[in-house]
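Novice: Position chain B relative to chain A; hints supplied.
Here is how the chains run, residue by residue.
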Amino acid sequence: MSLKLKKGVNKQSAYNLRDPNLDYEAAHTLSIIVDNESGVLARVIGLFSGRGYNIDSLTVAEVDPDGHRSRITIVTTGTPKVINQIKAQLNRMVPVHEVIDLTLKGKAVQRELAIFKVVANGNQRVESLRLADVFRAKVVDSTLKSFTFELTGTSEKIDAFAELMAPLGLEEIARTGIVALLRGDNSS
Amino acid sequence: MTQANKITGAEIVIKALIDQGVDTVFGYPGGAILPIYDELFQQKKIKHILVRHEQAATHAAEGYARSTGKIGVVFVTSGPGATNSVTGLTDALMDSVPIVVISGQVPTFMIGNDAFQEADTVGITRPCTKHNWLVKDTNKLAETIHKAFEVAGTGRPGPVLVDVPKDVQFASGCYTKKNEIKKNFIKKEPSIDLNMLDEAIYRLELAERPIIYSGGGVINSGQSAVNSLRNLVAGTNFPITSTLMGLGSYPASGKNWLGMLGMHGTYEANMSMHDCDFMLCIGARFDDRITGRIDAFSPNSYKVHLDIDPSSINKNITVDAPLIGDVSQILSMLIARWKERGSKVNKKKLTAWWKSINSWKEVQSLGYENSSSVIKPQYAVQRLEELTKSYNRFVSTEVGQHQMWAAQFMGFEEPNRWMTSGGLGTMGYGFPASIGIQIAHPNSLVINVAGEASWLMNMQELGTAVQYRLPVKQFILNNERLGMVRQWQELLHGERYSHSWSDALPDFVKLAEAYGIKGIRCEDPAMLDDNIREMIDYPGPVIFDCLVEKHENCFPMIPSGKAHNEMILGEQTEENSISDDGAVLV
Numbered sequence: 001m002s003l004k005l006k007k008g009v010n011k012q013s014a015y016n017l018r019d020p021n022l023d024y025e026a027a028h029t030l031s032i033i034v035d036n037e038s039g040v041l042a043r044v045i046g047l048f049s050g051r052g053y054n055i056d057s058l059t060v061a062e063v064d065p066d067g068h069r070s071r072i073t074i075v076t077t078g079t080p081k082v083i084n085q086i087k088a089q090l091n092r093m094v095p096v097h098e099v100i101d102l103t104l105k106g107k108a109v110q111r112e113l114a115i116f117k118v119v120a121n122g123n124q125r126v127e128s129l130r131l132a133d134v135f136r137a138k139v140v141d142s143t144l145k146s147f148t149f150e151l152t153g154t155s156e157k158i159d160a161f162a163e164l165m166a167p168l169g170l171e172e173i174a175r176t177g178i179v180a181l182l183r184g185d186n187s188s
Numbered sequence: 189m190t191q192a193n194k195i196t197g198a199e200i201v202i203k204a205l206i207d208q209g210v211d212t213v214f215g216y217p218g219g220a221i222l223p224i225y226d227e228l229f230q231q232k233k234i235k236h237i238l239v240r241h242e243q244a245a246t247h248a249a250e251g252y253a254r255s256t257g258k259i260g261v262v263f264v265t266s267g268p269g270a271t272n273s274v275t276g277l278t279d280a281l282m283d284s285v286p287i288v289v290i291s292g293q294v295p296t297f298m299i300g301n302d303a304f305q306e307a308d309t310v311g312i313t314r315p316c317t318k319h320n321w322l323v324k325d326t327n328k329l330a331e332t333i334h335k336a337f338e339v340a341g342t343g344r345p346g347p348v349l350v351d352v353p354k355d356v357q358f359a360s361g362c363y364t365k366k367n368e369i370k371k372n373f374i375k376k377e378p379s380i381d382l383n384m385l386d387e388a389i390y391r392l393e394l395a396e397r398p399i400i401y402s403g404g405g406v407i408n409s410g411q412s413a414v415n416s417l418r419n420l421v422a423g424t425n426f427p428i429t430s431t432l433m434g435l436g437s438y439p440a441s442g443k444n445w446l447g448m449l450g451m452h453g454t455y456e457a458n459m460s461m462h463d464c465d466f467m468l469c470i471g472a473r474f475d476d477r478i479t480g481r482i483d484a485f486s487p488n489s490y491k492v493h494l495d496i497d498p499s500s501i502n503k504n505i506t507v508d509a510p511l512i513g514d515v516s517q518i519l520s521m522l523i524a525r526w527k528e529r530g531s532k533v534n535k536k537k538l539t540a541w542w543k544s545i546n547s548w549k550e551v552q553s554l555g556y557e558n559s560s561s562v563i564k565p566q567y568a569v570q571r572l573e574e575l576t577k578s579y580n581r582f583v584s585t586e587v588g589q590h591q592m593w594a595a596q597f598m599g600f601e602e603p604n605r606w607m608t609s610g611g612l613g614t615m616g617y618g619f620p621a622s623i624g625i626q627i628a629h630p631n632s633l634v635i636n637v638a639g640e641a642s643w644l645m646n647m648q649e650l651g652t653a654v655q656y657r658l659p660v661k662q663f664i665l666n667n668e669r670l671g672m673v674r675q676w677q678e679l680l681h682g683e684r685y686s687h688s689w690s691d692a693l694p695d696f697v698k699l700a701e702a703y704g705i706k707g708i709r710c711e712d713p714a715m716l717d718d719n720i721r722e723m724i725d726y727p728g729p730v731i732f733d734c735l736v737e738k739h740e741n742c743f744p745m746i747p748s749g750k751a752h753n754e755m756i757l758g759e760q761t762e763e764n765s766i767s768d769d770g771a772v773l774v
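Chains as they are written, first to last, in my numbering: chain A, 1 to 188; chain B, 189 to 774.
Please keep in mind that the hints were generated in silico from the structure rather than gathered at the bench. Predicted, not measured: the structure shown is a model, and the values here were computed from it. Errors might be hidden in some of the hints.
If you want the footprint, here are the derived chain A segments under chain B, 3+ residues with CB under 8 Å [stated by the list, open to error]:
no. : segment
1   : 112–124
2   : 158–164
Stretches of chain B that chain A covers, calculated by requiring three or more beta carbons in the stretch to come under 8 Å of a beta carbon on chain A [said to hold, decoys possible]:
no. : segment
3   : 317–323
4   : 489–503
Beta carbons: idealized from backbone N, C-alpha and C, even for Gly.
This is chain B alone, in the form it adopts within the complex:
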């Protein structure tokens, strides 16, 4: 290749991103990534969103990725820029979100010298990425970036990082096109065990008390997986529950829907999981929030597990029929073979099973005592749901009680509409995620259901929302407490509320005004509907400060160390409900 065909590393980065179809990057410039920002300045195909903190860039990219099914891209500089991205990378790893972070690095000849803003970025991010690369040769830069996108987006998706030293950005090298790279690094998907599949179908046909338990894998697998899941539920009339990550894969208005399962899931979902004799787990990973006590988890069921990641099989729960592969592919095979065999189900027993489930539903485990003087947080979420569900709506959340209430009381009809930090439980996720979502869906209603404590963790992103005129609605359930921490301290730590409340909250309305946006405060249940409508109708960002009951606990709850059938439903029954063994668990 002649010199004339060579371009600089920085140009290669931008060219590779365009080649990958990237149109949006979230980032924050700094010394070691300046050449790339210089190239960014001289082109029009990629839009850059300047965040106010690198952690927010990664969460915004996650929100963008999860609401579109595309790969989110982030630029950060070396040192602090890279270390600030660690939480977002870990969050994306835990929730299987595909993002590509491109970090600047000090020049290769200074690496290891404790140079200014130097950090061992690939070392630090090794355990929190699916894979990462330090590129020392400009000629390999394009290839590495294309590989990074392949790794992030294939198999079980996840975050990757490409660390690019500044001299590599300045040096000239050859560009490799997207379709010219060897794909020998992509893991071969194992072929599906057909005997196992037949055995699973046979058990499905005989099942007396079946349940389908679906997770985020269905959403990651795409619309065809979602359609297959819905067809399977419709065809079998089996009850279905989903994890926090899986909400929306089956419509909340569907007649077989039992609501979310797990620690704060519904009574009917958890009782069905415990009492079932056939469990079909689709794209979920038997997380400890789902299983409760492991040795008492669904003791009498035949368990089928569909997952793309072999390391998810038998990790927490030993299953009878593991089916490894892409959910959409296995599900369509399963449905086809089940239909070939005559679409049989055990109808008579299934009717009896639904009867038990309906009796559990009558417990109305999401019930709470409403009040006319103070806004109950559950009521606030319910009203928000009522008044916004007809909109083209996307919801993100922070982490804590409000997150669980949102999961319990909001209904999602479609996938990719619900963005929340499940695995890592990152407070501060929701606001930047809502920014990423709004960028991807400029004309949709994007709401971040937040708690005031979580929201404050990334409140600097008000600047981003204002700068890009993103009409994100920050619906803050303000109890002036770390609600979930407070709840655990009440239940587990003798009501000693160690550092779980904030004595110095800002005036959220004034804070909004300081940024030139709208602030609404609501403390009267009677005003709630009008105030929510006002928030929706305002054509810009809104901080909604919803002052709610300060000591409300989130129920139902499977206390740590307890089984699904040992849920506590409300305040009355919680006395001595958590064992000493359970108290050790998180």
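Bound conformation, chain A alone:
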């Protein structure tokens, strides 16, 4: 690999250099149990931004009020080496108790919730309601000109619904990001 740079006149950043260890990249869903203390999310996010890792999706909420523990679910993309680094770096943090790689651990249930606002008249309005029924989306709010649908499912399902609604007057979407747990009777 040659960058064809002239000596002393580098305009190129080292970040553009291809990673010699480039391997295939894959999405991993990480479930992280943390102390629910101030700044913990900033720590986790700071680790990702500071070390140049991707965040495709992130959710967080307290799951054990007595133990003050929260579960952070992060979907991230990287080579196996990068994913291992991410897990090791997360494990190093003081408020992090457990990092579970759901993608490696086996099958996981992954769900996302989204709310769609569709503004339409006539046939389009009827069609949006019909498609919502097909997708088992719930109508959670309505005016004479609009529907607000709530839909739960995999990210693919939500993508598909969004695509269908787009020509039917889709105005706004809000998505939660992915939450996930391992399938079966084992707790992760």
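Specialist: Below, chain B without anything else, positioned relative to chain A:
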């Protein structure tokens, strides 16, 4: 608990520190930490060293910590006090030095209001500490401080910060003793993979061209790790090299010593790393200064990596046998099992391997052309080494060429004798570090090998040295240049010396005199020995202005983007030696 048992937050801070066995604090007062300073004034157990800039407090604490194995403690005020400590915190994080910084903060009810001297200290220091805390409840203050010491000192050591708002310092609360806190926040150390250990020992026994590469982790792990390392080297007769951080874990006078490895390491160390078939990395992290070009790093070796931090494993270099845990523990297990199996090594091949290594040694990669008219910086360091090595001596450095020359030409027989900023490369580290070291070792000879540019970055600490009568010796190799920057500009940037020299240096002798201490200027190689002796014998701080050759380059050198076996040894061979790809790297 009754009101009578309650004490103020400021008292809690001091009590907790005493409980932790702290006897020295480096710091600088200010509005938001005044209650703590008031308590400090009313007790006798903790000695406070007033620095002249908060960055220096953190470096002094690092010098104190690294030369003693204890935890360094720093007090700073809110806002600028805290932001000034950021460089020291980052330095300590990169070099795994345990320090605890206690920062004052504006009162809790003013946080977020852009109050006077307010800064988001926990936000700013989050990425440059192992962990940090903002304490909003006086009842939790003692517990948090004890936790902070645990976090700083356990596992891979590092810096922590506790931010204490002023109202929390004034309010009354309960004190929690050191041994009363829950330790559920401490990471469990993984158990050692015994199969992996056996595999590593099996490979060690068969190794034809082995090398041991040790780092700062051996020193952090303590004297038993150092002893184990020395036993292993003695038992196996394997060659050993160390990183900049690891110097002293194996004695420089030891017969298996190859000198430092890496970008400015010796030819024999780097060639051995490249050609070996078995590498035992102990408490080091395959830093980019060590590896050179990653894809050409030691291509044919079986690599064993001992480290306490799982995130160091396979970060830069993929290894065959990672052994995660405390170095002293794994090393003693490794040695015990190796002995159980009969203390075998591949003696015949090892003899041949030493022959190759000795032929590399003959290259004398640290050689330089001496001069009788001008002091060569290498010569100055060599003479300093000769004349001081018999002393009970501690050495700190700044960052740059002088640092590499000191690493190359000074020999360390024991750990914790060599304090230098490795990971972060902080110019301005050495002078305050030497102050911290001298505080911890009042009767030892403490020398800071410096470059004039680095030294000027924290020269205000002359006040601290004088105030506490610390006889620190500032040995400045003065080339009136940013030597390492100049060297890179010569090699990489077409000899365009953009802003790498200073046109306004002080007269260092007069500067010393302005502070009432001794200044020595030396520009004649013939006078060097006498002048160095004069520096050693003077019972107070000395600034030694050693005027050296201005255009000397530091060799040998692995140019960026090159492999270990592509070192350049001196001026003659450097033509076109750095590729375009390499030029992009730092």
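Novice: Does each hint fit the structure? Answer for all of them.
Specialist: For each hint, the structure was consulted:
1. 112–124: violated (count 0)
2. 158–164: With 0 residues closer than 8 Å to chain B, the segment 158–164 of chain A misses the three-residue bar; violated.
3. 317–323: holds (count 3)
4. 489–503: holds (count 6)
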